[in-house]
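Put the two chains together into one complex, using the hints given.
Residue numbers (my numbering), protein chains in the order written: chain A, 1 to 448; chain B, 1001 to 1513.
There may be inaccurate statements among the hints.
Said to hold, decoys possible - Straight-line distance between alpha carbons at most 35 Å, and here's what the computed DSBU-like set of lysine-lysine pairs gives: (1) A:K39 <-> B:K1218; (2) A:K283 <-> B:K1310; (3) B:K1333 <-> A:K283; (4) B:K1268 <-> A:K308; (5) B:K1389 <-> A:K39; (6) B:K1345 <-> A:K39; (7) B:K1367 <-> A:K301; (8) B:K1370 <-> A:K32; (9) A:K39 <-> B:K1200; (10) B:K1116 <-> B:K1090; (11) B:K1370 <-> A:K283.
The set of hints was computed from the structure by calculation and includes no laboratory data.
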Amino acid sequence: MAKTLDKVKSFFKSIGRWFKSLVCTIDGREAKLLTIYHKPATKSIISSLISIFVGILLGGLILLIISITSGGKISLKAVWEGFRLIFIGVFNTGRDTNGNITFGFNSTNIGNVLFRATPLILTGLSVAVAFKTGLFNIGAPGQYLMGTAVTFIVALSIPTTIVPAWIVWILSFVAGFLAGALWGVIPGVFKAFLNVHEVITCIMTNWIAANIVTSLFDNNKGIFKHLLDPSPTKNLAYLYKTTENGVVTSKMGLDVLFPGSQVNGGIIIAIVIAIIVYIILNKTTFGYELKACGSNRHAAKYAGINEKRSIILSMAIAGGLAGMSAALYYLSGNTEFYWSTYQSLPANGFNGIPIALLAYNNPVGVIFSGIFMSYLNVAGLQLKNLTPFNEYITDIIIASIVYLSAFSLAFKEILNGNFFKRKKNKLFLENSQENSTKPKIIKEEESK
Amino acid sequence: MENYVIEMRNITKIFPGVVANDDITLELKQGEIHALLGENGAGKSTLMSVLFGLYQPESGEIYKNGEKVTIKGPNDANRLGIGMVHQHYKLVDIFSVLDNIILGAETTKHGFLRKKEAREKVIALSEKYKLHVDVDALIEDITVGMQQRVEILKMLYRDNEILIFDEPTAVLTPQEIEELMETMRGFKEEGKSILFITHKLNEIMAVADRCTVLRKGKGIGTVNIKDTSIEELSEMMVGRKVSFVVEKQPEKIGRTILRVEDLTVASKKHKNNAIKNISFDVKSGEIVCLAGIEGNGQTEFVQALTGLEKVASGKIELNNQDITHASIRKRSKLGMSHIPEDRHKYGLILDFRLEQNLVLQRYWEPKFQKHGFIDNQSVREYAEELIEKYDVRSGEGAVTIVRSMSGGNQQKAIIAREIDRNPDLLVAFQPTRGLDVGAIEYIHKQLVGQRDEGKAVLLISLELDEVMNVSDRILVMYEGEIVGEFDPKEVTTQELGLYMAGAKRDRREKPNG
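Isolated chain B, as found in the complex (with noise of 0.2 Å):
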């Protein structure tokens, strides 16, 4: 029998109509990294959570070095040792890093609060383990690198002992990355104990020791890392064997699609602009890959590009016909199809059929209306056609409310729907997120099966893994500017990741031709 620093033995929890966690036991031993392993939706941070004291279990039993504790709420778990990094950060954002680590653990005497000796406890322990922050410098106004060392922070002015970490790594360069696990190392040479949630196979690989993984609420099983690979881990969270190299022919290019000259778009949220005089050109036959950090302007451009957003200065022209201030209809007309950054917000009506979401931007068409009365026939006829066609899986098929349906399968109607009607150019923003691997890999071979037939596709990705894989040309966006460009073949991603933090950056010159 081994020491466990915490055991949780067969937590069910239960949300209205889901088994969030059916029956799942996960140990933890003195002085490890243990990778918690799945699928999005599969139940991780639901089972962490209920170790924080979040949510209280339907069953089961957790225990801290043997004995039974009850956490009724995050109090109950920092008394035990327990803290976490949440995947979206709870700072307050017009508070100080220190107003923000002593905030619910603050020193008083006599009501006062007595910074003084909480500063020299913060700085000292940024000092010991490396964790650079700034201590009077307001959150709103720092990294989100730095954040998270502000909430690592927050977890050691508690003395906490069995850290959490809910995907800690999507919202960081590689370097960040880098020094994440180095962080996370020096914590298990001191003894302390990490619970590290990611659906990011190469991460366990480099930093884990063991590794539990969960499917669809229930526990699959716990192995060493030592002794599994990548493929083994991925088979036992999909389910099934799942490719990981995109198959790709070499790239056949021809004519220009897209051309963007010197776009300028303001922002709204401060006073310069999101997007700074960029140039670049798209050709048929090939995947361009916009890569960056979130919130370098990929959103705003693409706004601009497919006419949500008025473009300040500059010229878009798609087929050599200027579409700058062209409608959104017109650019559709024209050959542009959009997978848009936010499904739920952009690419779908929820509470419409899936049949009346596959023909949202056709429905004028004269194939699907008769003197503005839309031929129901001719609508499910298409329907089902894309549904066999594109493997769109639903309840009830073509009348089934979308909001009923995964996101996957959301995802797919969207991809369907776009690629279906034979644009020249696809925009393709974020298409995987918060999707599973079986999904992704489906995805990645749609958009290499569009540019092999000739179309132009631009990606714009946060995912370097994605960026380095589907696109056969890489441009880095930094601060609304391309700060380089790059072939998939010829850079690290270490290069890359420099690009993207904005420590490097190529002097470009504007496409010719």
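The following block holds chain A by itself, in its conformation from the complex (with noise of 0.2 Å):
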């Protein structure tokens, strides 16, 4: 009994050690706290919640402007319930009866920014890999055309009357994967053979997935027109969806949690891929190869790497994330696709760039960056639905914080210490100033 005793106290007594490591100096080991403060990562973490922040305030300071110019029909309690539904519109409950903003637990929301991050999260993996490879792959919203394209292609064409729907379903996320990394590698060679600028390749490739797409799925010569539901109801929008064949993402449980919100399992696909990402980034030799390549493509060379391969393999891998993302999206069950929409460009492809901005091109912090990107567009939602103002406000703050993250790199040098040198440098001249003339006085001592 007394050996348990000891055993606990002695455990207690750890705890309270390792707490009190946190906060104090022991052993000449500086606090816990302090340590992880001053490690690169933390200072990132915190750059980045100072770009959003600041971001959140610029759009606080342009609702109150327009309420300014608006002349009295819009409140000051309206700028300040806009301001606070930018915050945590997700979690509003709507209004009460005494028409106040109420807030608390909203499935519906939350569960809409799962829903809305799980592509978003992948285009910015997309962008991330490429990044840290060395190469800005503009591409993704290209790569995303053509992951949407052969995803359609393939969930439509096979019959789930035949082939078990969810067979159908990985054939389907497998050939969008593919569809993305094959139109990432047509880059990744120009580059690595004839050393073309992959950002020129990637636009002329964006615009080029376009008119194929457009053009397959055109509800007049369009070749897979025929993929559409025969009945002339569906037939009259001209609108592709997966679930006509059957073939949904499962919600793995996670409707359970979120009621009455359009989550599904394909969230937990992305996180897990990102951490995937992570890993091989990091932990593996392919990982160091890619990293090598992307730092200084001299070295890798001179190291022996091969960096051609590199190049082309990152690009595929981000151009398989790209067609991944869209194969997620649209599989969900709760996305249809208009042959039309695709004469532009997709956004979900171009907000993979300031997702991976936002997170330093780190695949754990591109899931936050991504959800975050989701949880702004779905205050956006609630600022329209509930105040005078619109959504776009919400576009103009993602805009800022994008604008401001690459001020996060400054905040970065002011968070190391770097930002401030020339005044401290300043103090130490001022010092040497004062040594110097130390020895003069002793001369002059000397002389009398």
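Quick look at the structure:
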């Protein structure tokens, strides 16, 4: 008994010591919280948070300006409500009988945030992986479109009456991945063998993809027009939905957690993929090669790494991730695809760029920045529904956060203390002047 | 109280994070050659840039002939009679020599250039000081030596009385250096004052009257050259005693490790081949040095040898295996190590941690990975072992980001990595470039250590001292060809210089056996 009592005591003591070590300097080792603060990752997170915060404040300022210039049509109360909605709009539960906005757990909103985050996380990963290898994958929209097209072709042309729906689901998901990967390889090959800048080829392949996809699903002459349900009611709008063939992503129990929302298992798949990408980049020899190429192509070559192979593979992975993004978005069952939509490029593809930037290209960070972007989207909808403002305010906020995320490097410098170095040097200078005057005084005394 | 033509009093210049000049005082007498000595990063060039008006000091004063002056830019400096030959020449490549000399000090009439007068003045100056230049040639077509003479003429054309030379001898052959010294002595006799920046001690002993030594941004002292010695100067410069003699045992030459046969490499810059039919071999237990002036094909040769560039024709054999077209990885596996010329471009991934850089060619070995996953534990242990063994100093040990390390320690890390792979052939291209005396001493010891262990070492060097001290056999390269082979014990630097400048060449036979 006494022994177990001792064990319990020492256990609690060690816990106490651990907490103390968080905040106090023990045996010359600095407090753990300080150590954590000094880690570069912590500083990245804090500086991203600062840019988010400043971005949202800017959004509030815009609300205020709109209110002032509206000539009294929009009250200051509405501004305050709007400001709160931008911050915690996802948690609003409508208005109570007095007309005040109430807040609480809103399962529909939270579920929708996760649903909308799914494609954003994956395109964010697509851009981040390419960045790690020193490439700017601005071709995510094109890869996303190719992924969309091929996913629909596979999901709608294999009849679920013969092949089980879950097998068709896997086939369409893989097909979407491969289509995106192939579309990513094209700029990769041009970069590796001909040294053509990937931004140029990516922009061109984007528009090639847009035109290919439009022509494939065109309501007059599209080759895959027949995939539409022949019943005339559905045919009118020319909307393609995978549910027509019964191919839908499993809910994985999330519908129980967030009833009334569009959430499905896609978000879990996206998070797992993000973690896999993190492991590949940081723990494997393959990731080491990719990052070496991205950081210094010449040194990678010098070390015997096949840098052409690395560039092509990195673009293939980036493209594949964008393709998977499209696959998960359209296999969700909540979404439909209208052929002529894609005479423009999909926003989901381009949004990968700010998401990757905000996460400093860290795959795990992308999960959070992706969810944050969709959080702002949903908050924007609340703003539109509950206040006189429209949802485009949140687009302005996102834009300013993206803009500020470029400044987040400066925030990081401030956190590192480099920003104020000059002032410190001036202090140093004053000290050194004091030192230099001292010997002279001594000399004067000697001469006396 | 003596009369100084220039006095810089208590100059302090700060760059973000670095105090480049900390309370430095420099006094230049009329008609003297005053050397400014210090290691790389000691603050010599910064101090001269302050004098030339390129930087404004945070504190301190400059006096000319006892009068306080402020120099806000090169034009102010010129007005005060201060001229400077920069380390990297400031010349317009596509202009003629004459245009370059008058640039910024043109004589004009009604807005039109009066080149005829300028031309006569330049020719007169060039004859007076025996500075031979071709006034109508374009800068891009003339030799480095002549470009330097153009820079000197620029100062004379502006009637400068105080001449600053920033590391003028780095790119010259021994003969050209001797000529430059003679020119400097001529200026001195005329009453001009010269500030001579260098880290080469024998040049200071040969030509300077006094010498001011800087170390880590601080002024260590000023000495009369008559009363001092090379040893004392180097101790002032480095802060400790330095050995200049590379201690070597007699070589024990063994089997052939590297054989190069009729190697030809195309040039990227011009249509001619950069390397023309060269043949030689390197045996185990010897240091073979490829000497030559920069730009005579050394870079192209090493890139072809190590697999960074393609070979046009010929054959390279390592340990009796043909590696002419082998991949870099294969060459490395067969026992070739390479200390690259440009350590930032090729040698290191600056944003990686030190440990990641130390396994740059070995991360795929079974020791460091399992099933494609890097074994961080064994990488860390290996890195710490190397850091300890080769005395690589850094802020945070194995996890230091390499960018934050000093140049000397970055180079030590490369050397640790390359030597510890236990290669049969070590290719070292300018391994001591830009390093201070202490680090140079260390690297020479490591090279000789490799040789004594029976490894073959191929050293490519532009520094004659290094060539003479370290090597067992010298091959001189000129315009992509090997023009002479020497034993360092039997040849003089003057002789080598003639070969390096292309003035002499031997007909070499292919090595047999």
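message: Please list, smallest to largest, the hint numbers that this structure does not respect.
response: Hint 9 contradicted; others consistent.
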